[in-house]
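Chains as they are written, first to last, in the numbering used here: chain H, 1 to 186; chain Y, 187 to 519.
Simulated from the structure, these hints should not be mistaken for lab results. Computed from a predicted structure; not experimentally measured. The C-beta atom is built at its ideal place from N, Cα and C for all residues, glycine as well. Treat the hints with care, as some may be off.
[As the list claims (entries may be wrong)] Some chain H residues close to chain Y (C-beta under 10 Å, calculated; not the full set):
| # | residue |
| --- | --- |
| 1 | 3 |
| 2 | 4 |
| 3 | 88 |
| 4 | 125 |
| 5 | 161 |
For reference, the chains in residue letters:
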Amino acid sequence: MRRRYVLLLLLISAVFPLSARTTGYYHSAAATASGYLGFSHFEDEIPARTSFSGSAALGVFGYQSQHWDGSLELYFQDASRSLPYGLYRSRGFTSIGIAARSSYTMNNKFSLYGQAGTEVNFYHQIEEAFASFSLQLGGQLLLMENPSYQLFMTLPLSLHLRKEITALQVGIGLRYHLFPYHEGGT
Amino acid sequence: MRKLILLLLSLILILSSCELYMDEPEMGDVYVISIGIDYKNNLDSKNNVYKTDDLDGTIPDAKEIFHTIMKISERAKQPWKGYLLLQEGAAYDPVTLGTYEGEGIGKTNYASKAHLLQTLATIQNQATHNDLTILTYSGHGVDKTGEMVMAHTDADGYVPSIEALLVTPNELLTAMGKIDGRKLIILDSCVSGVFVPESESSLSTVLVNGIDDWYAKFWEESGYNLPDLYVLTASALTDSYEDPDSTDHSHGVFTITLLEALGWNHPHGVDISTIEPGTPPALRGSVITVDSLYTYIKKNQDLPIRWNILKPSQEYQHPLVSGGAMDMVLFRF
Numbered sequence: 001m002r003r004r005y006v007l008l009l010l011l012i013s014a015v016f017p018l019s020a021r022t023t024g025y026y027h028s029a030a031a032t033a034s035g036y037l038g039f040s041h042f043e044d045e046i047p048a049r050t051s052f053s054g055s056a057a058l059g060v061f062g063y064q065s066q067h068w069d070g071s072l073e074l075y076f077q078d079a080s081r082s083l084p085y086g087l088y089r090s091r092g093f094t095s096i097g098i099a100a101r102s103s104y105t106m107n108n109k110f111s112l113y114g115q116a117g118t119e120v121n122f123y124h125q126i127e128e129a130f131a132s133f134s135l136q137l138g139g140q141l142l143l144m145e146n147p148s149y150q151l152f153m154t155l156p157l158s159l160h161l162r163k164e165i166t167a168l169q170v171g172i173g174l175r176y177h178l179f180p181y182h183e184g185g186t
Numbered sequence: 187m188r189k190l191i192l193l194l195l196s197l198i199l200i201l202s203s204c205e206l207y208m209d210e211p212e213m214g215d216v217y218v219i220s221i222g223i224d225y226k227n228n229l230d231s232k233n234n235v236y237k238t239d240d241l242d243g244t245i246p247d248a249k250e251i252f253h254t255i256m257k258i259s260e261r262a263k264q265p266w267k268g269y270l271l272l273q274e275g276a277a278y279d280p281v282t283l284g285t286y287e288g289e290g291i292g293k294t295n296y297a298s299k300a301h302l303l304q305t306l307a308t309i310q311n312q313a314t315h316n317d318l319t320i321l322t323y324s325g326h327g328v329d330k331t332g333e334m335v336m337a338h339t340d341a342d343g344y345v346p347s348i349e350a351l352l353v354t355p356n357e358l359l360t361a362m363g364k365i366d367g368r369k370l371i372i373l374d375s376c377v378s379g380v381f382v383p384e385s386e387s388s389l390s391t392v393l394v395n396g397i398d399d400w401y402a403k404f405w406e407e408s409g410y411n412l413p414d415l416y417v418l419t420a421s422a423l424t425d426s427y428e429d430p431d432s433t434d435h436s437h438g439v440f441t442i443t444l445l446e447a448l449g450w451n452h453p454h455g456v457d458i459s460t461i462e463p464g465t466p467p468a469l470r471g472s473v474i475t476v477d478s479l480y481t482y483i484k485k486n487q488d489l490p491i492r493w494n495i496l497k498p499s500q501e502y503q504h505p506l507v508s509g510g511a512m513d514m515v516l517f518r519f
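Given the sequences, and given the hints that come with them, work out the whole structure.
As structure tokens, this is what we get:
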């Protein structure tokens, strides 16, 4: 059993050898799992309804300097219907949106980031759609990197601004940067 | 690491606190109005009169929906009151046209517009906040405009004008809106989608496909309130159809699938009062909701929901349901 862990660690170390900070153009991919707490603007049976969501993002274009980083992202989110309670349940939906994202590197391991976006959302069980906006703030911890790749753990706090609901999302995720031109690093 | 785990556990607790710690509201009584009209007492041998086509599936639709909802209500331990409004067969004598015996099993009520409004007014005086009122209609919908066509009350059997028989979306939604508690209108008729009110926060992708409209809706000033009136219809803005496979025991394509969703096993030539519905396939966890019925019907109805380029001549009908952020619970077991 222990040997299996050692092999896994060796494999990860081979793929992501630790090195200094990478800079330059990059593409990115991210995945996040979140709790989705919807505070209704209307008089509901309870103050907030709980759902769960998963999201994935693809950064088509990003640039990272020594301290600052910016990227344009296309993202998808799926939010479940709310937990059963009372005479109503909030409907689940799938979103597709675009966002601008920027981060600031605090030290070799940790960055703060912010993201603003807009999305269209489609309810799961009925054919209805709505538009919304979203804001996200979070921290990201550099787990591994080499001159071509970076892997972060992210802790996002998001606001989903819908017409009738403002939702607070807290989650945890992974974010992967690919630097195709291998700039910088040592 | 320990701090991180504690933080995550705390977050999960906070995020799921409302549903876990608050007492659930109780389900109230169930009121049902089932309307079925076959239009067979509408004569057509006189000039300048309105003649509607006969319908074969509407009477079984109304009777079986009435019976099934009664059984489901009993199973959910929700007290039930039902009004069956029928126009069945060729009779148009004054006694038939005026029959109104009110609520209950075996009570006869002629399906005129006046009797419908009388029934709605009666329920309005009785229903309370946690009650559920379900109205089902199986009959004609006017081409393009979709109004319900109630049974005529002309004692000579000829209908000089259809106008007096029509129930418009505004009339029905207003009358139902006056009833306290949750309401569901289920319509199996042509162009019935006109009865589905536009949501204050979302738009139907069956009827409106523009992304600019979705953003315009976001910025509209209209407020969103927890909806207590939902509409579920057989079709959007097209015709609805009767089951082509049935002969002696016909149904609407929409209603037969709705009955299946509620666990009705659709017997032929059997006294339906002796039949118990099975476990409703539309049951999700411990509840039946508007969306669970809608989803079942869309997946299981005999006709496709969209026009198909490979079968251009095939009929299709797309059910429609009220939009917005919330789904409404009908029965909890």
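Hint-by-hint comparison with the structure:
1. This hint is violated: residue 3 of chain H has a C-beta 23 Å from the nearest C-beta of chain Y, more than the 10 Å allowed.
2. Taking 10 Å as the C-beta cut-off, the interface hint given for residue 4 of chain H is violated, the closest approach to chain Y being about 21 Å.
3. For residue 88 of chain H, the suggested interface contact is upheld, since its CB lies about 5 Å from the closest CB of chain Y, less than 10 Å.
4. Checking residue 125 of chain H against chain Y by beta carbon gives a least distance of about 4 Å; that is within 10 Å, so the hint holds.
5. The beta carbon of residue 161 of chain H comes within 9 Å of a beta carbon in chain Y, closer than 10 Å, and the hint placing it at the interface holds.
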